[in-house]
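Respectively, the protein sequence lines represent chains R and S. So in my numbering, the last one in the first sequence is 217, and the numbering has no gaps at all. So in my numbering, the last one in the second sequence is 363, and the numbering has no gaps at all.
Hints are computed from structural coordinates only; laboratory data are not their basis. From the three backbone atoms N, C-alpha and C, an ideal C-beta is built for every residue, glycine too. It is possible that some hints are incorrect.
Here are the in silico distance ranges between beta carbons for each label pair [stated by the list, open to error]: (1) Ala-311(S) with Arg-189(R): 38 to 46 Å; (2) Ala-196(R) with Arg-190(S): 48 to 56 Å; (3) Ala-188(R) with Ser-217(S): 56 to 64 Å; (4) Glu-66(S) with Ala-205(R): 23 to 31 Å; (5) Ile-63(S) with Ala-148(R): 43 to 51 Å; (6) Ala-188(R) with Gly-37(S): 35 to 43 Å; (7) Ala-330(S) with Thr-37(R): 38 to 46 Å; (8) Ala-311(S) with Ala-172(R): 49 to 57 Å; (9) Arg-4(S) with Gly-106(R): 49 to 57 Å; (10) Pro-45(R) with Arg-4(S): 22 to 30 Å; (11) Pro-211(R) with Gly-198(S): 23 to 31 Å.
For the chain R half of the interface with chain S, some residues (derived, Cβ under 8 Å), not all of them [claimed, not checked]: (12) Gly-48; (13) Gly-106; (14) Cys-136.
Covered by chain R, per the in silico footprint, the following chain S stretches (three or more residues, Cβ under 8 Å) [claimed, not checked]: (15) 41-53; (16) 60-71; (17) 89-96; (18) 196-208; (19) 230-241; (20) 336-345.
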Amino acid sequence: MSEGPLILSFDTSAAHCAAAVMSGHRVLADRVETMQTGQAERLMPLLGEVLGAAGASPQDVTAIGVGTGPGNFTGIRIAVSAARGLALSLGRPAIGVGVMEALAEGTGGQVRACLDGRRGAAYLQDFDDGAPGEPCLAELNSLPAAPAGTVCIGPFAEEIAGRLGLSVAAPALPLAEAIGRIALRRHAREGQPRPAPLYLRRADAAPSSDPPPAILP
Amino acid sequence: MTMRDPFLMLGIESSCDDTAAAVVRSDGEILSSEVTGQAALHAAYGGVVPELAARAHAERLDIAVETALAAARTRLAELSGIAVTAGPGLIGGVLSGVMCAKGIAFGTGLPLVGVNHLAGHALTPRLTDNLPYPYLMLLVSGGHCQFLIVRGPDDFRRLGGTIDDAPGEAFDKCARLLALPQPGGPHVERVAAGGDPGAIRFPRPLLDRPGCDMSFSGLKTALLRARDADVAEHGGLPERRRADLCASFQAAVADVLAEKSRRALAVYMEEAPGTPSFAVAGGVAANGVIRARLETVAAGAGARFVAPPLALCTDNAAMIAWAGIERMRAGHRDGMDLGARPRWPLDTSSPALIGGGRKGAKA
């Protein structure tokens, strides 16, 4: 474990618990477990297991990388809250990484990362030789155009590629490893903000419809 | 493992719209208690929006813990455990608290204790007044209303509770209907002071039924009808009439709580407690008119009346740390698989509430 900083990375933004431990770019342990529910109960034991498999303890961790979404709101908060608690207790930084950045990690050329946004929408983020554009939520019937030759990547890639006549490719790296790599890069830069969920969708909340009465003197 | 006194406990609370962290010593000394509310966040929506609350908690909890540690002039390494609200409540916020607590426990190796939010309220009289078991507790807040006989840190008997809304929620609704600010309780009480409590005869739901169960949703509807009648008659709500509506509404709530408290005290006194005590917690306990009525009922039953200071009656993390202290002393520990429970009744043996829902009693 002398090759570089030890990065613990994880993600629960969708129907999985994913975690990895890396020493620099070398993956020491990497696990993905598929689950619809139960991420809150499973995440910390899984982190213990990947650290154990890597022969490391929590105190060996140099930095934490965490997937910030977009995705399941509750799922994003599970990982981000755990990462912030871990960072506080270890005195090490937690670094937030967008899931679509992680999907595009290690790719080149024109790439569009695609996630199911539900309710007839998609989460999208374009990358130009790795340089990220703004992540957005787009309606499926009014998808933003993509440059010719754009490759779609991610769990919703088939749907988006089919609608826009683009091609599809698999991500270059497993999700937790990709998050770890990006976190490692960001860790080298000073002043990283605390990780915060990337929702890209407003909370469902309707303003009160019942106007108060006029008060007469 | 037995705990050597005195020890320090971190408490974390995020089950509704307050993000809170506290450090409490096992002898009852509160070293710090930080509470950050979200009133402005929810103001436009006429109530707490669960998703908005969860979003705020997720980005405030670790900061609240840091602030509480700094205010207590201590460090995580000086602590003996971490207590966190694991339910019942708004699940998004509870989950953020549980995950933050587990992250801290994972990194420090400190023991973790999941606490029932209601147990936090119910055990507060022991933190503030060292009240001996068993005592009768009325928990009356914006989200809860129930009578409990508290026999131990993990031993509660539920005598009854609301079958629909909580009184605090009804006060908030009353304020909204009468163009008063939120949270409604203090404003309704202030305006009520200038009104006639006998002006409008509002219903006293379930007073004609035996037992300690209560209902407040019909009262809200009755208030709405009375207001609409006034608005129709005057083309608006006269200030004077608003005061009467507030006073009459408050009187109805006070009557229900007083009578049900009298019945709950009678049941409690059958247990022949050594030091008969009636404690209240929750924001509604801050209402002066209600509190005076409850004090009278307690005196009539020969029970000591205990009302913790308001800051420890409303949601806070000191009560969670304290409940954690009591649970740790009793040998409780939770693992890294601790989950969050939106529904978590304190008393699982008493019959479930009417209207508790098909998933079982909420609280």
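Numbers of unmet hints, in rising order: 2, 7, 13, 14, 18
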